[in-house]
Amino acid sequence: MKIKKQLIKRDIAGDTILVPVGKTVYDSNGLFVLNEVATFIWDNLPELDTQEEIVAKILEEYEVSQEEAAKDTAEFLGKLREMQIID
Amino acid sequence: MKKVNTEPYIATYLHSKGRRLKLPIGGNFELTARCNFDCPMCYVHLKNDDIQAQGKELTARQWIDIARQAKDMGMVFVLLTGGEPFVRKDFFEIYDAMKEMGLMISINTNGSMLSGEILRKLIENPPFRINVSLYGGCTETYKNMCGQAAFDKVIENIRAVKEAGIDIRLNVSITPYNQQDIEKIYAISQELGLHAKASSYMYPSIRVNGGQYGHGDRLSPLEAARCSVRWDKQRFTEEEFMLRAENMKNLIAVDEPDCPADLDEGVGCRAGSSSFWMTWDGRMLPCGMMPGPAAYPLEDGFESAWKTIVEKTAEIRIPPQCTACPKRPVCPVCAAVCVTETGRFDGVPSYVCQQTEATIQETWKAYQERKTEDEN
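Those sequence lines, one after another, are chains A and B.
Under our numbering, the residues of the first sequence are numbered 638 to 724, in order.
Under our numbering, the residues of the second sequence are numbered -18 to 357, in order.
Keep in mind the hints are simulated off the structure, nothing from the lab.
Keep in mind the model is a prediction, meaning the values are calculated, not measured.
Ideal placement from N, C-alpha and C gives every residue a C-beta, glycine not left out.
There's no promise every hint is true.
[What the hints assert, rightly or not] So the derived list for chain B, only partly shown, Cβ under 7 angstroms to chain A, looks like this:
1. Pro(-11)
2. Ile(-9)
3. Lys(-2)
4. Leu2
5. Leu4
6. Ala78
7. Lys80
8. Gly83
9. Asn106
10. Gly146
11. Ala234
[What the hints assert, rightly or not] List time: in silico PhoX-like cross-link candidates among lysine-lysine, alpha-carbon distance up to 25 angstroms:
12. Lys143(B) - Lys660(A)
13. Lys214(B) - Lys165(B)
14. Lys708(A) - Lys646(A)
15. Lys(-2)(B) - Lys646(A)
16. Lys124(B) - Lys178(B)
17. Lys641(A) - Lys694(A)
18. Lys641(A) - Lys716(A)
19. Lys346(B) - Lys214(B)
20. Lys716(A) - Lys642(A)
21. Lys642(A) - Lys102(B)
22. Lys70(B) - Lys102(B)
23. Lys102(B) - Lys646(A)
24. Lys646(A) - Lys3(B)
25. Lys694(A) - Lys660(A)
26. Lys639(A) - Lys694(A)
27. Lys52(B) - Lys642(A)
28. Lys70(B) - Lys660(A)
29. Lys708(A) - Lys660(A)
30. Lys660(A) - Lys52(B)
31. Lys52(B) - Lys293(B)
32. Lys(-2)(B) - Lys293(B)
33. Lys134(B) - Lys124(B)
34. Lys660(A) - Lys102(B)
35. Lys102(B) - Lys165(B)
36. Lys642(A) - Lys143(B)
37. Lys646(A) - Lys52(B)
38. Lys694(A) - Lys646(A)
39. Lys641(A) - Lys102(B)
Here chain B stands alone, though its shape is the one from the complex:
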């Protein structure tokens, strides 16, 4: 598989400096909980009634003000996400103001609105990168998973963005609703000439399901492992896959982690040490997957909120069973996984233990099948 530079070297450098000095180098801004799709595994999207009940979306002016305070403390990289960020009619008021501050902006989107006036404005003043979530390989799957027959439109929009020269990547969430399309999705990414990153591990959606830790509309650990092996079979050459299987069997790290992280006893990634997450209703979190610790920059100012997040994040510990687990190098466990699976940062996330064990076994099974085929 062709290696892809997921972030510029300077970003890695600035984040590592930020982690040492506790500077908010990266900010994730969840501009809205609204979305024109309705995916079952989403950890943010709420129905309109729930949005009204739970809080109030920040105004453009509030977002810009928070960004300015964060920039003054060192923020360089911004991810604009949602919900679907483009459903905000004032999206470009926020985006243009942030660009003018000298921020490097990436946007997470479902891709369905990347056309017309929105696309024209993006071409005029392009972001550093657009990440499109590709939910399926056909209209039927889009209908089942997102509640919208948007497949053709999304593909057409992706092509137009690429054609314009904007850096675009694909994110793929594998769930019970689209797992049948794994091979098709990979083929589409190849045909589009775009890097695609897939995950079959879905965090429990505790922020929207009333805090039911460990629950989510997702695959079983074994199904998730099988899906992840199917994706790996697509993206690796035979030789790469075999080497990967051998390494995995020996519990040697095989992937760059989703979030660059140390195998730490606490929060080993950038969350709460060089990056922060702002929820649509104005809470600051270390990471968007976590329900807390939370701080409130609108009430207390950005600097004070960031300090609180840094201090509280430093206190977080994952379970000693995970810290000392020999499978840790091939396991996606992190503080956010533990808390969403168990309700505690130091709770052992058994779903993830099972998925990791199954991924090792299923990868090894595929390895042996290929060996047998080769011998025959």
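Looking at chain A on its own, in the form it has when it is part of the complex:
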């Protein structure tokens, strides 16, 4: 999936945050904090095209149920779409 906005990932003492750069500053009210699964999805996003592929990737890495992985993925992608970070 193509990330449309300019965001820089930073690791600060165990937290992962996304810092808006360039014109992205205009549409975001500050920073985003990612939890572990969101960070995993974010890191793999450029290579994966569909929600199903993301869920499959999560299942390879984490011991969670299909339902849980699908729910987390849908929620996170929904937020990214809401903020127009992905299509």
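Chain A is fixed; fit chain B onto it per the hints.
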């Protein structure tokens, strides 16, 4: 008064984590002591001759290098200040490099240069926030206070920045030179639709006045208290003001402090525990108002300088009279206030004691006047 979120929740969270782990989450970079204004209460601005005599301004490359080392240790938030930061011809070399590192940048400026090429570049790659110091409500006051008839230009620039969608706030320093404009300044902030924060307490400018502790070109404690009540009358509704007066009378905290702080016996704010200040000539301080403790990242590296600042800041104690004072919740006392007023961190800052007492009294007086008016 409408409540304004002064910083994103994540910033508060990261700073509190930083304070616990002693990480430099916030950095204040005083890029220059030069300024196109010449305000009497300024704690940084020097004349060109004095700058040459006192030290050397850091190069863009040095600023970028310090920022990179700070970022590697956790810095997320940066304040670029001065002097007037935009007088540096290489401002954008520094700014763009810092933005690319993934830093959230705020800029303090007098607003007079926020136009043309500078504004265009800011719109292209915007900062998180711009804080403009608004020094008066008319050209005359600007001439008296800043030595420049820049009022119209500043207002025009503020409008253009706001129009571009960049977050902008106003800071107001109330001094003998602009106190007559308090109501006008507030009205302008409302008309511009911008949040304005005012202070009538001016730190003694010890960094530029040869270390004359307790001295500054400022209002008397009573005048400062009266000005602060005049500002409060503007910004609060009648009901809010009355409640505030009652709380103040009962010594209950009424304001968010200027710097988020615990009522601690030491340095209760973020200075030297999750934030640092770099002076224009390359010294690291816990806070820009303090003359020291200082460390030297150019000579010793950022990490070592930060460690020194953290250790020395932890040793600072304010006077026990202040720690135990019942007025503490409504008093702006802090370690920087004590040292600039008295030359010692553990010296009682009598100017501030008087201003706090007068603010309580003057607020109560206004409360009673309003009560009487209502009864009649």
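Going through the hints against the structure:
1. Pro(-11): Nearest chain A Cβ about 3 angstroms off; hint holds.
2. Ile(-9): Hint on Ile(-9)(B): holds, closest Cβ of chain A at ~5 angstroms, below 7 angstroms.
3. Lys(-2): Nearest chain A Cβ about 6 angstroms off; hint holds.
4. Leu2: OK, holds: Leu2(B) within 7 angstroms of chain A, min 6 angstroms.
5. Leu4: holds, 6 angstroms
6. Ala78: violated, 12 angstroms
7. Lys80: Lys80(B) check passes; min Cβ-Cβ to chain A is 6 angstroms, inside 7 angstroms.
8. Gly83: Holds, about 3 angstroms.
9. Asn106: holds, 6 angstroms
10. Gly146: holds, 5 angstroms
11. Ala234: violated, 26 angstroms
12. Lys143(B) - Lys660(A): Holds, at about 15 angstroms.
13. Lys214(B) - Lys165(B): holds, 13 angstroms
14. Lys708(A) - Lys646(A): holds, 23 angstroms
15. Lys(-2)(B) - Lys646(A): Given pair Lys(-2)(B), Lys646(A) holds - Cα atoms ~18 angstroms apart, limit 25 angstroms.
16. Lys124(B) - Lys178(B): Given pair Lys124(B), Lys178(B) holds - Cα atoms ~22 angstroms apart, limit 25 angstroms.
17. Lys641(A) - Lys694(A): holds, 22 angstroms
18. Lys641(A) - Lys716(A): holds, 14 angstroms
19. Lys346(B) - Lys214(B): Since the Cα atoms of Lys346(B) and Lys214(B) sit roughly 12 angstroms apart, the hinted pair holds (cutoff 25 angstroms).
20. Lys716(A) - Lys642(A): Holds, at roughly 14 angstroms.
21. Lys642(A) - Lys102(B): holds, 19 angstroms
22. Lys70(B) - Lys102(B): holds, 13 angstroms
23. Lys102(B) - Lys646(A): Judged against 25 angstroms, a Cα distance of about 24 angstroms means the pair holds.
24. Lys646(A) - Lys3(B): holds, 22 angstroms
25. Lys694(A) - Lys660(A): Violated, at about 31 angstroms.
26. Lys639(A) - Lys694(A): holds, 17 angstroms
27. Lys52(B) - Lys642(A): Holds, because 22 angstroms separates the two Cα atoms, which is no more than 25 angstroms.
28. Lys70(B) - Lys660(A): Holds - the C-alpha atoms of Lys660(A) and Lys70(B) are around 23 angstroms apart, at most 25 angstroms.
29. Lys708(A) - Lys660(A): Violated: Lys708(A) and Lys660(A) sit about 31 angstroms apart, past 25 angstroms.
30. Lys660(A) - Lys52(B): holds, 21 angstroms
31. Lys52(B) - Lys293(B): holds, 22 angstroms
32. Lys(-2)(B) - Lys293(B): holds, 20 angstroms
33. Lys134(B) - Lys124(B): holds, 13 angstroms
34. Lys660(A) - Lys102(B): holds, 11 angstroms
35. Lys102(B) - Lys165(B): violated, 31 angstroms
36. Lys642(A) - Lys143(B): Holds. Lys642(A) to Lys143(B) sits at ~22 angstroms (cutoff 25 angstroms).
37. Lys646(A) - Lys52(B): With a Cα-Cα distance of about 13 angstroms, the restraint between Lys646(A) and Lys52(B) holds, given a limit of 25 angstroms.
38. Lys694(A) - Lys646(A): Between Lys694(A) and Lys646(A) the Cα gap is close to 20 angstroms, so the pair holds against 25 angstroms.
39. Lys641(A) - Lys102(B): holds, 21 angstroms
Checked against the numbered hints listed earlier, the structure breaks hints 6, 11, 25, 29 and 35; every other hint is satisfied.
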